[in-house]
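Residue numbers (the UniProt record's numbering): 1 to 344.
No lab work stands behind these hints: they were computed from the structure. Please note that the accuracy of each hint is not assured.
To be verified - Listed next, with one range per pair, are the computed distances between beta-carbon atoms:
no., residue 1, residue 2, range
1, Val37, Pro110, 12 to 22 Å
2, Leu206, Leu261, 51 to 61 Å
3, Asp237, Asp156, 46 to 56 Å
4, Asp277, Ala155, 54 to 64 Å
Unchecked claim - Keeping only pairs whose Cα atoms sit at most 20 Å apart, straight-line, the calculated EDC-like set for lysine to aspartate or glutamate is:
no., residue 1, residue 2
5, Lys8, Glu324
6, Lys223, Glu303
7, Lys8, Glu262
8, Lys331, Asp243
9, Lys79, Asp38
10, Lys9, Glu303
11, Lys27, Glu324
12, Lys8, Asp243
13, Lys223, Asp312
14, Lys27, Glu262
15, Lys45, Glu300
16, Lys260, Glu241
17, Lys217, Asp182
18, Lys9, Asp301
Remember, it's a predicted structure, so these values are computed and weren't measured experimentally. For glycine and all other residues, C-beta sits at the position ideal for the given N, C-alpha and C.
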Amino acid sequence: MVNETHQKKLSSIPYSVLDLATVVAGKTPADTFRNSVDLAQNAEKFGYTRYWLAEHHNMISVASSATSLLIGHIAGNTKTIRVGSGGIMLPNHSPLIVAEQFGTLASLYPGRIDLGLGRAPGTDQTTAMAIRGERFNAVHDFPQDIIKLQTFFSADNANSRVRAIPGEGLDIPIWVLGSSTDSARLAAAMGLPYAFASHFAPAQFLTAINLYRQNFKPSEHLKAPYVISCVNVIAADTDAEADRLATSLKRFFMGVVTGKLELLQPPVDNMNNVWTDYEEEAVNQMIACSFFGSPETIKEDMESFIKQTGVDEIMVTSHIFEHEARVRSYKLFAELMKGLYGAH
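Model the full structure from these sequences, guided by the hints.
This is the structure we're talking about:
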């Protein structure tokens with residue numbers, strides 16, 4: 001699956017944050033944004049490499065619909081951590097508008113902005129139609145639209161009739177996001193770094209990253225393949241407490257499975273009172289790339305995961321009801337990645 005060159009130590013692997021700007025029961029998006037700033041400031045302090053926000057629409061518990069605005073807000077309230085999109089759903093937008101928005105962000109916060117791009121709508125089909133209108137089939141233009149973006153960012157575009165100001169001539173790293181082998185082949189062909197959504201779509205994860213590595217063509221942007229795996233992490237002082245906190249995440253994914261979305265719910269003592277056998281099986285398939293437990297437990301599981309996959313970076317998303325518990329989870333994870341628990 002992964003050859004010996006992929007044996008890496010946890011302490012050598014960058015770790016990052018994916019924030020879905022989750023709205024919890026009893027709170028508002030305004031509360032969510034305040035908590036996101038606090039989490040980003042703490043993540044910076046804990047040594048996280050980047051802080052990404054994801055574009056979603058028409059989801060009651062996800063407030064990151066105006067993704068570039070939130071990126072600017074987080075970057076403006078932090079100092080060093082990279083901030084970016086995980087991702088911008090490119091078929092929802094004109095490449096020129098994306099180039100201008102991220103050119104503006106990169107001008108405001110030089111050397112700190114990442115542009116992760118996905119081809120999914122980040123929503124249901126009805127909402128996608130409302131967003132895209134006559135551009136509904138723009139998903140088929142995804143590869144060409146990435147090339148258009150790269151052109152707008154290039155200094156060579158200075159003589160074009162259509163220019164991205166600001167944006168032109170800026171070094172804004174582009175990432176391909178995906179949850180299938182299609183995105184893996186595209187990232188490989190374009191010589192771009194690849195971030196896989198293993199936190200909710202793990203089925204093709206190993207196949208996709210192996211395809212990406214095998215087919216990777218070095219480019220001016222990247223000399224060797226680079227893989228981020230996004231995973232669910234809930235760390236607490238004990239395995240039992242982490243498992244209890246994780247019931248909020250399981251209820252969130254249950255809403256995705258059933259189509260009955262709700263605000264992030266508080267943890268429960270027993271999920272058997274909440275879900276059916278079918279829902280349990282479907283949710284567990286979606287969250288196969290998840291790490292719940294004490295730092296010692298997660299460290300052991302993470303070492304096994306790194307050995308199996310050889311990923312270059314771990315991106316953590318944590319659906320935890322209480323903000324303080326969420327920040328503590330990110331702190332514990334950072335400490336275990338630095339090797340502060342149970343060295344093997």
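Here is how each hint holds up against the structure:
no., hint, in the structure
1, Val37 with Pro110: 12 to 22 Å, "holds, 20 Å"
2, Leu206 with Leu261: 51 to 61 Å, "violated, 29 Å"
3, Asp237 with Asp156: 46 to 56 Å, "holds, 55 Å"
4, Asp277 with Ala155: 54 to 64 Å, "holds, 58 Å"
5, Lys8 with Glu324, "violated, 31 Å"
6, Lys223 with Glu303, "violated, 26 Å"
7, Lys8 with Glu262, "violated, 39 Å"
8, Lys331 with Asp243, "holds, 17 Å"
9, Lys79 with Asp38, "holds, 13 Å"
10, Lys9 with Glu303, "holds, 8 Å"
11, Lys27 with Glu324, "holds, 15 Å"
12, Lys8 with Asp243, "violated, 28 Å"
13, Lys223 with Asp312, "holds, 14 Å"
14, Lys27 with Glu262, "holds, 12 Å"
15, Lys45 with Glu300, "violated, 24 Å"
16, Lys260 with Glu241, "violated, 27 Å"
17, Lys217 with Asp182, "holds, 16 Å"
18, Lys9 with Asp301, "holds, 13 Å"
Going down the numbered hints, you'll see the structure goes against 2, 5, 6, 7, 12, 15, 16, while the others check out.
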